[in-house]
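**Q** Going line by line, the protein sequences match chains A and B. If you use the working numbering, the first sequence closes out at 164, no skipped numbers anywhere. If you use the working numbering, the second sequence closes out at 112, no skipped numbers anywhere.
Treat the hints as calculated values from the structure; they're not laboratory data. Source: prediction; values computed, not measured. Be a bit skeptical, because a hint or two may be false.
Facing chain A, according to a computed beta carbon distance under 7 Å, are these residues of chain B, among others [unchecked claim]:
id, residue
1, 32
2, 33
3, 43
Ideal Cβ positions, reconstructed from N, Cα and C, are used throughout, including at glycine.
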Amino acid sequence: SAVISQKPSRDICQRGTSLTIQCQVDSQVTMMFWYRQQPGQSLTLIATANQGSEATYESGFVIDKFPISRPNLTFSTLTVSNMSPEDSSIYLCSVQGDTRGEQYFGPGTRLTVT
Amino acid sequence: TQLLEQSPQFLSIQEGENLTVYCNSSSVFSSLQWYRQEPGEGPVLLVTVVTGGEVKKLKRLTFQFGDARKDSSLHITAAQPGDTGLYLCAGALVDYKLSFGAGTTVTVRA
Chain A
51 SAVISQKPSR DICQRGTSLT IQCQVDSQVT MMFWYRQQPG QSLTLIATAN QGSEATYESG
111 FVIDKFPISR PNLTFSTLTV SNMSPEDSSI YLCSVQGDTR GEQYFGPGTR LTVT
Chain B
3 TQLLEQSPQF LSIQEGENLT VYCNSSSVFS SLQWYRQEPG EGPVLLVTVV TGGEVKKLKR
63 LTFQFGDARK DSSLHITAAQ PGDTGLYLCA GALVDYKLSF GAGTTVTVRA
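Sequences and hints are given; from them, build the entire structure.
**A** In structure tokens:
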């Protein structure tokens with residue numbers, strides 16, 4: 051399984067600012083995913099990021115609010131733009147595993163917006 | 003809208019007891035995954051089931067995939083405090099995305 055790291059692990063941000071979250075994988079992967087998770091709750095997919103193409107966003111998530119970069123097969127970033135307290139959440143990246151449906155997750159970034 | 007209904011939402015048991023978590027859907031999945039997540043960490047993949055009727059065992063954990071590939075269960079025998087965590091089931095969709103259940107918070111009291 052892939053080893054995934056995320057930076058920062060947590061942050062407290064002011065309303066109206068932006069935060070960029072980094073996701074680094076120790077091997078080359080085609081598909082990467084970004085999720086949002088409220089503490090103690092399930093995961094909601096924000097977007098799928100494939101290298102060499104535009105990210106595909108799920109219903110309720112837009113590129114202006116959550117721009118994603120995927121410059122190579124081991125790295126991706128998610129930016130949370132113009133933040134509001136409602137954006138306070140845990141943000142997770144994951145990568146596709148060898149078997150269809152398997153995903154491996156990073157440790158998450160806990161974001162608090164004040 | 004979640005395709006997978008997971009139950010129960012919360013489960014608190016004494017060490018040594020058994021527990022079962024259920025994951026049900028009206029949709030057919032090509033595979034289904036179970037994850038465990040501890041506070042401050044990302045979900046960790048426990049198992050993938052692919053074939054209808056498949057049963058997999060991981061030490062004290064038994065996973066079953068329904069014959070029609072629409073439902074699954076996780077059974078823990080003789081639960082230990084180390085089994086405490088958020089258990090998530092997830093079904094694989096045709097485009098490699100996952101549909102997650104709402105999660106079951108399991109607390110095992112010593």
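**Q** Of all the hints given earlier, name the ones this structure violates by number, lowest first.
**A** none
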